[in-house]
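Participant: Those protein sequences? They're chains X and C, same order as listed. With the numbering used here applied, the first sequence corresponds to residues 12 to 92, in that order. With the numbering used here applied, the second sequence corresponds to residues 82 to 382, in that order.
Possibly wrong hints are sitting among the right ones.
Some chain C residues judged to face chain X by a derived CB distance under 10 Å, without partners named [to be verified]: (1) ASP100; (2) ASN317; (3) GLN318; (4) GLN320.
Hint data in this document are derived by calculation from the structure and do not stem from the laboratory. Because the structure is a prediction, the values reported are computed rather than measured. Where a beta carbon is used, it is the ideal one built from N, C-alpha and C, also for glycine.
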Amino acid sequence: MLIQSILKQGVHLHPFHDQSGICLYNDNTTEMVTLFMQAAQIESLLDGVTRCSRDERRMLQSLEDKGFIYEHSLSCLTPLN
Amino acid sequence: MSNTFELALEPFHFQIHTDIPLVAENLRLMYGDRVHDVTNQVGILPYIDYILHITHTNGIRRFFRPQARFKCDQYEPFKPLNHSQAFAMLEWGMNWAIASYEMEHVVIHSGVLARGDDAVLFPAPPGSGKSTMTAHLAFNGWRLLSDEMALITPLSQSVTPFVRPICLKNQSIGLAKQWFTDAQFSSIAKDTHKGDVIHLAPPIHQPSDLCRPATIKAIVFPQYQRGAQIDITELNQAQAMYQLADNAFNYSVLGERGFNTLIGVVEKARCFQILYSQASDVQEFLEQEVLQPKLVETVCE
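The whole structure should be built from the sequences, with the hints applied where relevant.
Facilitator: Spelled out as structure tokens, the structure:
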């Protein structure tokens with residue numbers, strides 16, 4: 012699943028050239044977040060290819076809570092042990 | 082007796098009304114020929130961006146522990162302070178006005194200095210030694226663009242000078258007076274919420290320096306620690322963005338343009354976190370390792 016497909020309208024994504032992470036900006040709330048993960052890593056979590064750690068789940072949940080990604084985007088995360 | 086001054090601090094023009102002699106004296110001392118007394122005269126600047134008042138409070142307070150109040154276009158953002166702190170209050174008020182209303186530039190809380198036209202930003206919270214570093218570099222061959230805020234032209238790496246006095250606090254005051262014996266210092270504002278505060282007039286080598294922009298080549302997040310050996314960490318872009326956004330005032334108001342400006346700056350500049358105790362160590366590093374290689378490349382070409 013491409014990360015762009017779960018971003019809400021008005022959310023801009025910028026992957027840093029040095030692969031150190033991505034930055035999201037929400038036009039609707041004017042909030043900006045920097046994630047120390049590449050888009051591919053997040054996509055792999057969303058596809059269930061990689062098991063999600065507690066911190067990663069919390070980070071993704073916070074993106075949902077802050078209106079960066081659509082509700083229920085995280086339903087396909089692999090459950091924690 | 083109230084005085085009116087006009088202050089041409091490119092890219093902004095201020096009109097200042099004051100009935101506090103200490104403010105008038107310090108304005109002349111800090112700004113020299115950039116301040117014009119236009120009391121009872123028609124102003125000389127073609128336009129005014131901000132009208133500021135720094136005046137005594139009314140009533141009995143004027144005689145018993147007198148206080149100063151600051152207004153920007155009739156809005157009063159701060160509570161009154163002891164009138165001995167009036168000049169410092171005016172300087173903070175000017176910062177507040179730009180941080181609150183400026184929309185032409187992305188504004189970052191940062192010192193800005195340049196070697197030639199290559200600028201280095203020093204974004205940092207209070208207490209990190211930013212102003213001491215700024216003062217050291219400004220008096221040692223670097224060009225001061227600002228002690229307090231970087232004005233970045235949207236969607237570029239260009240930073241516009243906004244040259245004003247350097248605000249020094251507490252221990253840095255003694256240090257600066259030792260270092261720069263010929264420099265002009267304002268009167269001291271004692272016991273402010275930041276401690277003792279003094280302003281240091283910026284060295285201006287050429288009038289054109291006041292409006293010549295520079296290109297951001299590096300961002301340094303400084304952290305002063307007494308007695309520490311210099312410790313330099315190069316930051317990746319995500320780390321730099323995380324810290325830079327923390328110091329940016331108005332990117333949210335500028336929307337996508339503000340966001341893209343910060344991204345562009347972080348991606349094109351080298352970014353460092355530097356723990357230091359000697360400002361000269363940081364200067365040496367920047368001159369030899371960060372800015373100098375570019376000069377050498379240019380010469381080779």
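Participant: The structure should be examined with respect to each hint, and the outcome stated for every one.
Facilitator: Hint check:
With a least beta-carbon distance of about 40 Å to chain X, the hint placing ASP100/C at the interface is violated under the 10 Å criterion. With a cut of 10 Å, the hint placing ASN317/C at the interface with chain X holds, because the nearest CB-to-CB distance is about 4 Å. Interface restraint check: GLN318/C against chain X, minimum CB-CB distance 4 Å, threshold 10 Å, status holds. This hint holds: GLN320/C has a C-beta 7 Å from the nearest C-beta of chain X, less than the 10 Å allowed.
Going through the hint list in order, the structure does not satisfy hint 1, though it satisfies all others.
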